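Novice: Here's the letter readout for the chains.
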Amino acid sequence: MSSDPIWFQPAPRPSRVPEAPALPERERVALTVDGREVEVARGDTLLEACRKLGIDVPTLCWLETLTPVNACRVCVVELEGARTLVPACSRKAEPGMKVLSDSTRVRRARKVVYELLASSVDLSTAPGLDRRMAAYGARPDRFGAGATVARPVKIDNDLYVRDYGKCVLCYKCVEACGTDAQNTFAIAVAGRGFGAGISTEHDVPLPDSACVYCGNCIAVCPTGALMAKPEHELRAAGRWNEAAQTVTDTICGYCGVGCTLTVHVQDERIVKVTSPLDNQVTHGNLCVKGRFGFEFVHLGRPR
Amino acid sequence: MDLRFSGEEPSAAERAAVDAVLGPAGSGWDGGEREIARDGRTALAGVAASGRRDLLLPALHALQDRAGWVSPGGLQYVCRRLSVPPAEAWGVVTFYDLLATEPRPPIVAHVCDDLACRLAGAERICARLAETIGPAGSPAAGGRATWLRSPCLGQCEKAPAALVIAAGERPAAGILAPVGDATDIAAALAAATDAAAREETRDTSVSKTKTETDTKTKTKDVPLKGVAGGAPVAGAGAAADSPTAPQPPHPSTAGLSSLLPSLPLPTPLPLPFPLSLTEGFAPLAAVEDASSPVARSVPQAGDPDLRLLRRVGVADPTSLADYRAAGGYRALARAIEQGPARVIEEVVASKLVGRGGAAFPTGRKWEAVARAASPKFLIANADESEPGTFKDRVLLEQDPFAIVEAMTIAAFATGCERGFVYLRGEYPLAWRRLAGALAQARAAGLLGADVAGAGFRFDVELRRGAGAYICGEETALFNSIEGRRGEPRSKPPFPTESGLFGRPTVVNNVETLANVPWIVLDGGAGYAGIGTDGSSGTKLFCVSGHVARPGLYETRFEATLGELLEMAGGVAGGRGFRAVLLGGAAGAFVGPESIGLPLTFEATRAAGVTLGSGVVMVFDEDADLGDALLRIAGFFRHESCGQCVPCRVGTVRQEELLRRLRDGRTLDGHEEEIALLAELGAAMRDASICGLGQTASAAIESAFERFDPFPRPAPR
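First to last, the protein sequences are chains F and P.
So the first sequence is numbered by our numbering: it starts at 1 and just counts up by one.
So the second sequence is numbered by our numbering: it starts at 304 and just counts up by one.
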């Protein structure tokens, strides 16, 4: 990509990375997962213990940058002595715990949860879920053609699209809009039970809500229910092609904060902007300018 | 917080209703009059306001009670006053059944169509209402009234039942039970509409602090055909003792906040509390709920052998003097004499376990919270909503001082300075009686800064639920009090460690608390001597359905199911019974073979069933169990909070599956569907966050084990 304009080139490494202050040493906690011993720090979760052993535990509503809500229940594991299964994503490790990550009960619960999701929600744009469902032998059609959350797509602004027929109610967007990142509080869970959904107050259109279009909700959505408009339009036209996209890190030029932008380019056009979750500055979050303010690029090189 | 509000304004009436709860607005920043000389220099809303988020639900109630719905302008005003994001407040409003988000007639009859009421003909009544008035939600009485279906109203001994709520300047509510037929409801709606119309033409200078006596004199001229009962109980609703003027803004919590910088602890309400938090609904003239004779609810009333129910029908529940004359507050005096540690020892020795359904040892909860650092909280869980359960309602209606005394003892023992009663919103009489008891106890110095002169501080705030079964789950209850959606939290941490406002919290069921004065007076060992090894004391059973004398019964734990049914006069009409639902919708069905089952915690556990909340609902030989199962499935589908997938979707699939079985439209085959139901039930039990999802399939699965609720259609 040597012909790329300057702003598409990787960010130069800073000359000196300031060192983070040392954290107090945390007590170690020893437990077993599937009969294998593992040690984690006090405060770590069973998910971290499993991952340390290389055990693959599925997650859906969990994200490393957000507070666990343990709502989806695909990460449940069996804990000796507990009456029910426990969510690995939020249950803290305790000394002597005996955990089973792939028992019959665990597999049955995950399978049924996937079936319940897939039978009620459009998961067609949820990355990786097909593979997971196959692994657990999930057959959503066992439950017949029952109630679904299908509803019209909401297109009420120029920047992003909300298709709540694809929403699994993972709470991630609410957390990102609220105290976990943006502190804007434009959306919350409304309604109850199967009728619960993500909503603004009185379901007003986004332009009438507190939304500031940072798009941090899109960044954390695991199913594509929230999607930036270019991606939504390309998908609708059948032209979205991730395999043909290049992905380039750069630094946002709008202000002095220096957020890392990951620019997704297809057919010589920017189709999406994200930021790495593990970036020290952004933790995956951006503002409206960084995430959506790229159209000028397509106007051609400034003269 | 930098919040965005729409420009919608509340009506003057809505503003006044909210201000009656929150006090007047301090400045233009929190929704009051803008005064540029003052507001132009400083913004004082924010931290102080958001520290009062626990007043969100009371403020929303105030809007609902005033206007009959929560209007956009009203919601915006509450949000400004409390510094709550409108989207979050909307999430709270839409969570509760009793809060309407669309305009609707101010007078609403909530007609119970749940298990016990179905056995008493609720569907026939609803069908008739649909014919005469129109489908649920249709306007009646000139657009001023309507009717809606409701889950269990907790009036099962008087089934079928309806709750009529009349919003307005002086909100009123009452229970109509038993409902003879649909015309009773129509008549009640018409009469309530007339009363409201008269109310509007009354001199508006009448103070809002009107007493029940006023209401009585006013309402005597509203005779109503077909409505049970006559004159209200004298003095009911002593809430009239409570103070009148709206309170000034609350004092700062600097003391608490400095201890816990990160915790938004609520500002303690100044005493006495704002009127609207204690007053609740006025009695609804057209539907007087104090009218039903006590013996109708408690057939044993007056029996000297009773322990928990011994004052029912004997002492006036509205009189502190009567309560004291009947032995009340002796236990508190004894507890103060003994000291907190000894009280806890006695409760531990009594082996008392929780009566809300989970049967956790009460003494262990108290020990844990007594050890924890202050501030800590005590909650009486009075959100009983389990279909078929009405014991806590009867206790609060007929012996409210006992619960206040028990809470005071519990607070003394555990070191809690603030208590809450979370009462379900469908119990207007219990609310009035309890509010009256609290006001009298406070006036007598039995609550407050120096309880009974013994040098400890304790007071109780009443909080009203708004129609959500899940809020009886203790962690959902915390969220509800805190002004959030009533979604359960993950456990651990347990409430004794991190409960209300993130602080150590004791949550006890009302019936559990009712045992406490007895334990203190007789000693833990004396109490433990009654009943069996695993089940000490006595137990209240809510007997309903096809029995001759439904009602609340107190038994020693030696009684068997058959003996209890005998006490209730046996199956109505001298017939046999097909099934008994034990423990409520989250319990289990048993058949006639269980007639000898001792109703103890250990015997029911061994039999794979549960005492749950003490529900004993009888279905006679001809009862349609399939219909009951569908109602149970519908109940859980409706009451699921929606947080976790197994419960949110699982309860929907469970109901769909039962419908397929009933209609003979199975997907793969009858047996395959039943196997799928079991697999779904197992996943819900294993993977749901809280007890609702974990037990949503329990009664249904038990019915399939013991009966054939949906017989396989005969091959053609």
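Because the hints were derived from the structure by calculation, they are not lab data.
One should not assume that every hint holds.
Said to hold, decoys possible - Calculated cross-link-like contacts (lysine to any residue; reagent style SDA-like; alpha-carbon spacing at most 25 Å):
id, chain 1, residue 1, chain 2, residue 2
1, F, K289, P, A981
2, P, K794, F, K289
3, P, K794, F, A228
4, F, K111, P, L306
5, F, K98, F, L79
6, F, K154, P, G972
7, F, K92, F, D122
8, P, K794, F, A82
9, F, K111, P, A661
10, P, K794, F, R142
11, P, K794, F, R131
12, F, K111, F, R131
Keep in mind it's a predicted model, so treat the numbers as computed, not measured.
Novice: All the hints need checking, so say for each whether the structure fits it.
Specialist: Status of the hints after comparison with the structure:
Between the alpha carbons of K289/F and A981/P the distance comes to roughly 52 Å, so the proposed pair goes past 25 Å and is violated. A hinted pair counts as satisfied when its Cα atoms are at most 25 Å apart, and K794/P with K289/F does not qualify at roughly 41 Å. For the hint linking K794/P to A228/F, the alpha-carbon distance of about 37 Å lies beyond 25 Å, and the restraint is violated. Annotation: proposed proximity of K111/F to L306/P is violated, straight-line Cα distance about 42 Å (limit 25 Å).
Proposed proximity of K98/F and L79/F is supported: the alpha carbons are some 6 Å apart, at most 25 Å. This hinted pair does not check out: K154/F and G972/P have alpha carbons roughly 40 Å apart, beyond 25 Å. Proposed proximity of K92/F and D122/F is contradicted: the alpha carbons are some 32 Å apart, above 25 Å. Between the alpha carbons of K794/P and A82/F the distance comes to roughly 11 Å, so the proposed pair stays at or under 25 Å and holds.
With a C-alpha separation of about 29 Å, the suggested pairing of K111/F with A661/P is violated against the 25 Å cut-off. For the hint pairing K794/P with R142/F, the CA-to-CA distance comes to about 32 Å; that exceeds 25 Å, so the pair is violated. The straight-line distance between the Cα atoms of K794/P and R131/F is roughly 31 Å, outside the 25 Å bound, and the hint therefore fails. Straight-line distance between C-alpha atoms of K111/F and R131/F comes to about 12 Å, which keeps the hinted pair within the 25 Å bound.
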